[in-house]
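Listed below, chain by chain, are the residues.
Protein chains: 2
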Amino acid sequence: MLRPNAPHQPLMIVGSIGLDTIDTPFGTAEEVLGGAACYSSVAASLFSQVRMVGVIGDDFPEEHLAVFRTRNIDLAGIQRCAGPTFRWSGYYEYDMNQAHTLATHLNVMADFSPTIPESYHQTPYVFLANIDPDLQLSVLEQVRKPEFVMADTMNFWIEGKRDRVLEVISRVDAVTMNDAEARQLCNTASLVVAGRQLLGMGPRLVIIKKGEHGALMFTRNDYFVAPSFPLEEVKDPTGAGDTFAGGVLGYLAFSDDSSDANIRRAIVYGSVLASYTVEDFSLRRLIDLEAGEVMLRYAEMQRMTLFTA
Amino acid sequence: MLRPNAPHQPLMIVGSIGLDTIDTPFGTAEEVLGGAACYSSVAASLFSQVRMVGVIGDDFPEEHLAVFRTRNIDLAGIQRCAGPTFRWSGYYEYDMNQAHTLATHLNVMADFSPTIPESYHQTPYVFLANIDPDLQLSVLEQVRKPEFVMADTMNFWIEGKRDRVLEVISRVDAVTMNDAEARQLCNTASLVVAGRQLLGMGPRLVIIKKGEHGALMFTRNDYFVAPSFPLEEVKDPTGAGDTFAGGVLGYLAFSDDSSDANIRRAIVYGSVLASYTVEDFSLRRLIDLEAGEVMLRYAEMQRMTLFTA
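Read top to bottom, the protein sequences are chains A and B.
Numbering follows my numbering, with no gaps: position 150 of the first sequence is 150.
Offset between the second sequence (1-based) and my numbering: plus 309.
Among the clues, some could well be false.
Which chain B residues face chain A? A few, computed with CB under 7 Å, are given here [said to hold, decoys possible]: (1) His317; (2) Ala498; (3) Val502; (4) Pro539; (5) Val577; (6) Leu598; (7) Thr614.
Here are a few chain A residues that sit away from chain B, every Cβ distance over 10 Å (derived from the structure) [what the hints assert, rightly or not]: (8) His105; (9) Ala110; (10) Arg162; (11) Gly200.
I should point out that these hints are in silico values taken from the structure, not numbers from a laboratory.
Here the structure is a predicted model, which is why all the values come from computation and not from measurement.
Glycine included, each C-beta is placed from N, C-alpha and C at the ideal position.
With these hints in hand, go ahead and build the complete structure from the sequences.
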């Protein structure tokens, strides 16, 4: 999108596709498009060609697939199964940093086993969005060694399948999770200790997401702090972290450059995309996002962090 | 300190002087030097000539006064009264962002009424550290209009003397408080809304302190986000916010420049000083801090926030 003639690698994204019902102090949305794979794929599609992997039920609205197609997202890896689509419902209170789950119905996700289409096997960039770590490992078994794999996870898997989460972490180039999850996994209050500890488990890049407080990047030789973009109103924080991760990976794939300096840029682009996602429910704001809007906030992020010697 | 030949204005600091007893997961300290005026004065003394105002009891150890004198801090505004010095005791749990108070004994602070010495009356920079807003207003009555006044406050006064806190805010150039206090005072979850709202009350500078997440600066035309310096271990967070504020004001007085660009620098210097304070109990680390250490972390703060277009 931003530099059409730059190196441009495809990116495969594996994760949940769902229908969300969400209640926030600023409104309600019922049965809207959600799921980590959706937010991250649409975000990444702003930068690179996305190959999506996931499962939908026979009730999944055709209009959502049409949206993905208009973003040039490859849907060969989407399985449609008999039964209802994955559903999540939750609410946010005054402090919107914390999602409260009302119900999770796995539905067709319960028996999902990702089958990576032959046409995806050589994808150089891979994002394993938050999903059962056994499924993340199964994806890694099916692909020819990609250039760069990032995995996300969550407290549910850290508590229930800790060993499998650690195995995923040991086999990927990058790992991302939110601050509470990093503290929980590493059993420390210090995010700096957690970041270094995660690096010690194998990945060469660790990104800790801190919601409204931005994100921290750890690599062997680098440490970077990105703020979040300041918003007066957040309507629905659902999908912010997935949008962020999709933006990061999308930008890395697009530029085909995972140097520390370029990861910094990718993180800022991820933050910018997430700042748009939370301005409305579901993917509404993200879907219509224009290149100029992304560039504008990127430049503002530079201005708001700069100080001289 | 950093540029000995730059403009160099004196700074008056009014606030509590106390003896703290502190328990953290990393140790215990009993009857150690504490209080907002002490942390902020020693921090500011790294940059500028400090004139201190406060009250001590007849049990206040002479050695602490000696420390202030070695930092060239003017003690003409310190009243020694009969009775015990102000004491605070508290503890921190695993999450060190939150102090838990065990006991507050105002002692000689209970009847404290600051009398500003004639030799302080023309001080161009003033920091009204966290203290009863009636005392902050009384100080403003006694001084000839200073160039730049910053006030701090806390939840105790916001709850108990809200109108007086608002009057202080309306009469100063700058206000600082932590994120929870800004949310409480402005009755909003959004720090961006709170920052703008505080600007609307009169000050031309608002700094919201976010502990380990850094600080936000709001002015009419500017917004700046400073991270905190990443530490693997925090021994005792007491005084971090006061150190930060003292560092900010000390640098502004030293450079005699309250432009937006210079306030950004001052905030980063404040963050750097606070990062040293929390590495040990009381003012231990701050007292021996050397110029080179400050410059080193300032440069690291630049490196960790930089990203290019």
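To see whether the hints hold, each was checked on the structure:
Violation of the interface hint for His317/B is found here, the shortest Cβ-Cβ separation to chain A being roughly 19 Å, above the 7 Å cut-off. Given hint, Ala498/B at the interface with chain A, holds; its Cβ is 5 Å from that chain's nearest Cβ, closer than 7 Å. With a cut of 7 Å, the hint placing Val502/B at the interface with chain A holds, because the nearest CB-to-CB distance is about 5 Å. The beta carbon of Pro539/B is positioned within 7 Å of a beta carbon in chain A (closest approach about 5 Å), and the interface hint is therefore held.
At about 5 Å, the closest approach between the beta carbon of Val577/B and any beta carbon in chain A falls short of 7 Å, and the interface hint on this residue holds. Of the supplied interface hints, the one on Leu598/B is violated, with its beta-carbon coming no nearer than about 19 Å to a beta-carbon of chain A, more than 7 Å. A hinted interface residue such as Thr614/B counts as satisfied when its beta carbon comes closer than 7 Å to some beta carbon of chain A; here the least separation is about 5 Å, so the hint holds. No Cβ of chain B comes within 10 Å of the Cβ of His105/A; the nearest lies about 30 Å off, and the non-interface call holds.
The Cβ of Ala110/A sits about 36 Å from the closest Cβ of chain B, beyond the 10 Å cut-off, so the non-interface label holds. Non-interface status of Arg162/A relative to chain B is upheld: no Cβ of that chain comes within 10 Å, the nearest being about 20 Å off. Listed as a non-interface residue, Gly200/A keeps its Cβ farther than 10 Å from every Cβ of chain B; the least gap is roughly 13 Å.
Checked against the numbered hints above, the structure breaks hints 1 and 6 and satisfies the rest.
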